Amino acid sequence: MRPRELQLVIAFESTASALTFESAAANSGLSGRLIPVPTTITAGCGLAWREPPANRTQAEQLLRTLSIQDATLYELVI
Amino acid sequence: MIYLDNAATSLHRPACVADAICQALNGMGNCGRGASGASLTAGRVVIQCRSRIDHLFHGFGPLQVAFTANSTAALNIAITSLVGPGEHAITTALEHNSVLRPLYRSGAELTILPADTYGNIDLADLSRSIRSNTRLVVCTHASNVTGNLLDIAAIGAVCKQHGIPFVVDASQTAGVFPIDMQAMGISVLCFTGHKGLLGPQGTGGLCVDPALSLRPLMVGGSGIHSFDREHPYQMPTALEAGTLNGHGIAGLNAALGWLEEIGLACIRQKEQALAQRFYQGIRNLPGVVCYGDFSTTERAPVVSLNLGNWDSALVSDELAQRFDIQTRPGAHCAPLMHKALGTQVQGAVRFSFSYFNTEQEVDAAIDALTTLSMEET
Chain G
1 MRPRELQLVI AFESTASALT FESAAANSGL SGRLIPVPTT ITAGCGLAWR
51 EPPANRTQAE QLLRTLSIQD ATLYELVI
Chain W
1001 MIYLDNAATS LHRPACVADA ICQALNGMGN CGRGASGASL TAGRVVIQCR
1051 SRIDHLFHGF GPLQVAFTAN STAALNIAIT SLVGPGEHAI TTALEHNSVL
1101 RPLYRSGAEL TILPADTYGN IDLADLSRSI RSNTRLVVCT HASNVTGNLL
1151 DIAAIGAVCK QHGIPFVVDA SQTAGVFPID MQAMGISVLC FTGHKGLLGP
1201 QGTGGLCVDP ALSLRPLMVG GSGIHSFDRE HPYQMPTALE AGTLNGHGIA
1251 GLNAALGWLE EIGLACIRQK EQALAQRFYQ GIRNLPGVVC YGDFSTTERA
1301 PVVSLNLGNW DSALVSDELA QRFDIQTRPG AHCAPLMHKA LGTQVQGAVR
1351 FSFSYFNTEQ EVDAAIDALT TLSMEET
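Protein chains in written order, with this note's numbering: chain G, 1 to 78; chain W, 1001 to 1377.
No lab work stands behind these hints: they were computed from the structure.
Check each hint, because a few of them may be wrong.
Here chain G is said to cover these stretches of chain W; the calculated rule only asks that three of the stretch's residues, wherever they fall, bring their Cβ under 8 Å from a Cβ of chain G [claimed, not checked]: (1) 1137 to 1149; (2) 1336 to 1347; (3) 1363 to 1376.
Bear in mind that the values here come from a model prediction, so they are computed numbers and not experimental data.
Backbone N, C-alpha and C fix where the C-beta goes; we use that ideal spot for every residue, glycine too.
Chain G with its partners taken away, still in its complex shape (with noise of 0.2 Å):
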């Protein structure tokens, strides 16, 4: 397994808003991508997004313009 690392996670309660996130994304300055939930926030079906913790901010941001409300951010090693 590679190196694990501390990453900001954004947990979706919908595959829409995870997509809707990921096709503004990478015009939002940001360079993650789309990962199978990590089973720390749970086991259930879905999609979060992997994103370096220093671009929090940006990340925060673009979730208040798609006006995504149902996501939930943490900073996990994974």
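Got chain G sorted already, so can you dock chain W onto it with the hints?
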């Protein structure tokens, strides 16, 4: 890219499926809406597909085959029609949420037959659970987590003996395993078109014993009896309000034709051989734990596992990012199965195989897991 998530949906299909959909998009009207040439073309494709489905499952005639968008819709129709408050239903811990949630919402009293740590149920529990108000037994044919098969012929025999309708979720087995509704005592068979049947997403349906009268989830346009206030009750129109997914059904019809040519036995033998090859290649790797009953090779082509204490999501992501192997992690929408297996926290990485996978792809997956296993020990 190596695609090993066929239990979620098929990715590789016979070329005739896409060809049929394309042809339908360019030439098919609306089935059952008038007598134009285009409408009749659609109608002929749809009735051929009904016939093929009926033949495949030895059902109760093409007119007892109703199309839905997926097996979840089919299961909702069957379950909500057959059981309600004050009545009793029996199901198993192997079930997907497409069975469990309609049951929970029905308000019926439930008995859920427990699974052991290998994911098996004890069929003796079924007879012991039957009550005077039992109105339904519903179960999957194969667990989408472990690949274990349920003996639906034995369950059907018990149901028949007690006069209880028996509903089967064939999402993981249709198109791979033989299913004979009449011989197995199945009252309603729910299927999806996009997995083992190799059709497109948005197709599925149910085959219904004419002794049962199922209630539709929706009523509306039917193409017939336009002045009646009530939706027609004749099958299959009763369960098919609104325009059918004719283009999708055309693809499913082509896939069924292909399956008839190849034969289920050939497909099953190849898929089971690939799954066994994978299982034998990884079962003794340090840290690898497989879930399910592998004492028999007669199982759906699914191998779910974990690697040490690693989060299944991380392992699946590692397989995708480093090895370009697509799997599915997490809980697989089968919460009771995960509780029985003890994987409700960790989830499990599921490898699921198709006729279109190759031994080389399986060996690449074995090599990838070997690498990950060695890195952890």
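Hint check:
no., hint, in the structure
1, 1137 to 1149, "violated (count 0)"
2, 1336 to 1347, "holds (count 6)"
3, 1363 to 1376, "holds (count 3)"
In this structure, only the earlier hint numbered 1 is contradicted, and the remaining ones agree with it.
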